[in-house]
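Participant: Read top to bottom, the protein sequences are chains R and A.
Position one of the first sequence corresponds to residue 1 (full-length UniProt numbering), numbered consecutively onward.
Position one of the second sequence corresponds to residue 1 (full-length UniProt numbering), numbered consecutively onward.
There may be inaccurate statements among the hints.
[Unchecked claim] With beta-carbon atoms standing in for the labels, derived distance ranges:
{"hint": "1", "chain 1": "R", "residue 1": "P67", "chain 2": "A", "residue 2": "A38", "range": "35 to 43 Å"}
{"hint": "2", "chain 1": "A", "residue 1": "L65", "chain 2": "R", "residue 2": "L65", "range": "25 to 33 Å"}
{"hint": "3", "chain 1": "R", "residue 1": "R207", "chain 2": "A", "residue 2": "R207", "range": "53 to 61 Å"}
{"hint": "4", "chain 1": "R", "residue 1": "S213", "chain 2": "A", "residue 2": "G196", "range": "46 to 54 Å"}
{"hint": "5", "chain 1": "A", "residue 1": "P157", "chain 2": "R", "residue 2": "G69", "range": "37 to 45 Å"}
FYI, nobody ran anything at the bench for these hints, they're computed from the structure.
From a predicted model like this one, the values you see are computed outputs, not experimental measurements.
From the three backbone atoms N, C-alpha and C, an ideal C-beta is built for every residue, glycine too.
There are 2 protein chains.
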Amino acid sequence: MRQIIDERTGGTVRPPCGAEPHSALHGPSHAPTMRIAAHVTVLHEGDPARRIMEVVDGAVMLSKLLPDGRRQVVELLGPGDVFGLAHADIYACSAETLTPATINTHDRSALERDPVLGARLLRRFEAQLCVMHSHALVLGRMSALERVAFFLLRLMPETMVGGTLHLSMTRQEIADFLGLTLETVSRAFSELKRRGLVVLQRADEVRIQDRGSMRRLAGAL
Amino acid sequence: MRQIIDERTGGTVRPPCGAEPHSALHGPSHAPTMRIAAHVTVLHEGDPARRIMEVVDGAVMLSKLLPDGRRQVVELLGPGDVFGLAHADIYACSAETLTPATINTHDRSALERDPVLGARLLRRFEAQLCVMHSHALVLGRMSALERVAFFLLRLMPETMVGGTLHLSMTRQEIADFLGLTLETVSRAFSELKRRGLVVLQRADEVRIQDRGSMRRLAGAL
DNA sequence: CGACAGGTTGATCCCGATCAAGTTTAGTGG
DNA sequence: CCACTAAACTTGATCGGGATCAACCTGTCG
């Protein structure tokens, strides 16, 4: 756990990096694609920002810490999403894989040189900024039950209607994403179950039963 | 009030637009710069997204509404910041001037054509995304007093140390930005005053007295 | 089996929302 | 200039949703 298991460039296996804040991903600037295990911290908030990254496959969680240890998960990323953003050449967030993931990395200097990359990132940044705006509404104005309903709808695309959603996050991670405590998240799940809006096959497997009621709760996502 | 007072291209005065949701800014695609009065709604959440805008001068507030009327101010913009972002060709937020403002507009199609504009927007989007990440931490994990301290530090650049900050927002607008109620914001201001961290010359004129304590409260901005 | 990480549920507490007066400020017209 | 008004702000009293504290449960893996 907490270990980079493979790197495509040359196929070499890099040493564990989860526990060493400054050792992550200082590879050569032409190592674009990496395969990373679940629950690996890829970037650390505060480290010098050398690279910008794209999720090719899998899920990544960005989080920020307060000095006293309070944590906020600020963004959940899937394929296509970009991370490794910086203020003053310092990473603004930590990034941790939620599932095994494939990640594409670019040297920050490539941004100026490669207009195709720039155009792709521009579109993606716009989308992610819109998602952050929605998330501000969730964090600032929604009740606990509404937040959890919103969270589940967001993870469950329109397409997969009858399917079962596998949550690859613990209650604590969901709580840190939604600005709640793990107990409140657990109670919200139980309440949604009690009302018949969702079915919990297991703690981490959810099926949305009544999408209409969920949408109404989430304020029409 | 709530009226566009000037448009540089040709110097024509456009009709009031504040109250008509669909009448704003459908000018020719080569009308780049506009002068706008304070408290004018420039964009409406949900309108078709034709243009992308840059703040040249002044302050703009982006907000989102829930169906039941709860509001979240999702971003505060100053010179250089960009707005008019869209999901599915629909504006994701309403935009309202807080002060008289100068705004530069571009046709969305110009994004693909103009690489210089694209590069500028890319840099700006990255900065705004980082700010949104911080704001998620504020909304998700900070107490009322911490939020208000953070807000004041954010508005008061390092440079202006002894100066007086003019808030161009009401308590309600600040509350909607910080995910609080106007009463709680008012109490937080009073508490900061009581503790000697700020001086309130008037309700909308603040001087930060003890920046160190403010930083500690805000979790080291 | 035992250990432990993650999850659920209950009891209580507290911060911020809500409800309710008052107070200040800015604007308007006589 | 002052009286009147309305909007914004402050402050107090009370309430409630979610945090906190505390057991207990469940599943997984050695």
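Participant: Any hints this thing doesn't respect? Which numbers, in order?
Facilitator: Per hint list: single violation, 5.
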